[in-house]
Amino acid sequence: MAKKPQIAPHYAQIVKDNEPKRPLAANCLKAFAVGGGLCVLSQALREIFLFRGMSANEATAVYLVILIGLTALVTGLGFYDKWAQWAGAGLGVPITGFANSMTSAAMEHRSEGFVLGVGCNAFKLAGAVIVFGSVSAFFFALIKWMLGVL
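Just so we're aligned, residue 372 is where the sequence shown starts under this note's numbering, counting upward by one.
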């Protein structure tokens with residue numbers, strides 16, 4: 372078995388000394404503010420739709436579609452990556468991060484055509500998420516059923 376090359380201790384110290392310092396507190400604050408802001412926006416949209424007479428399920432579906440559409444739009448216009456660079460994990464809340472991942476994959480392969488390029492490559496990521504989500508949902512429902520909770 373081949374040995375991993377060892378980095379000279381003095382070289383590792385030089386790298387550590389010259390590595391840019393990350394403003395951890397500021398990054399956490401930005402991520403919290405942006406992620407929290409997205410959650411407040413989502414809740415506000417949901418409340419508006421509920422106030423307008425939609426059921427809870429309809430309101431949730433509509434605001435999720437709006438968030439996915441807006442994320443796809445700003446990804447396509449090239450803003451999402453710049454905002455994500457600044458906001459860090461704050462834009463990685465599941466629905467916007469997932470929409471960005473799918474839109475980015477589709478845009479990257481659009482030159483290969485709609486079916487083989489956009490269709491196939493957009494669902495490389497989504498396929499795994501859907502499969503694992505469906506399988507885990509099945510097993511959790513099975514466990515709940517076996518315990519008599521359902």
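Read the hints as simulated data drawn from the structure, not as lab findings.
Any given hint might turn out to be false.
In the DSS-like style, the derived pairs of lysine-lysine whose C-alpha atoms are separated by at most 27 Å in a straight line are [unchecked claim]:
| # | residue 1 | residue 2 |
| --- | --- | --- |
| 1 | Lys495 | Lys401 |
| 2 | Lys453 | Lys401 |
| 3 | Lys387 | Lys401 |
| 4 | Lys453 | Lys515 |
Now the in silico label distances, taken between C-beta atoms and shown as ranges [to be verified]:
| # | residue 1 | residue 2 | range |
| --- | --- | --- | --- |
| 5 | Gly468 | Phe509 | 21 to 29 Å |
| 6 | Gly519 | Val411 | 35 to 43 Å |
| 7 | Trp454 | Gln384 | 30 to 38 Å |
| 8 | Val436 | Tyr382 | 49 to 57 Å |
Note that the Cβ used here is the ideal one computed from N, Cα and C, for glycine as well.
What hints, given by number in increasing order, does this structure fail? The structure breaks hints 1 and 4; every other hint is satisfied.
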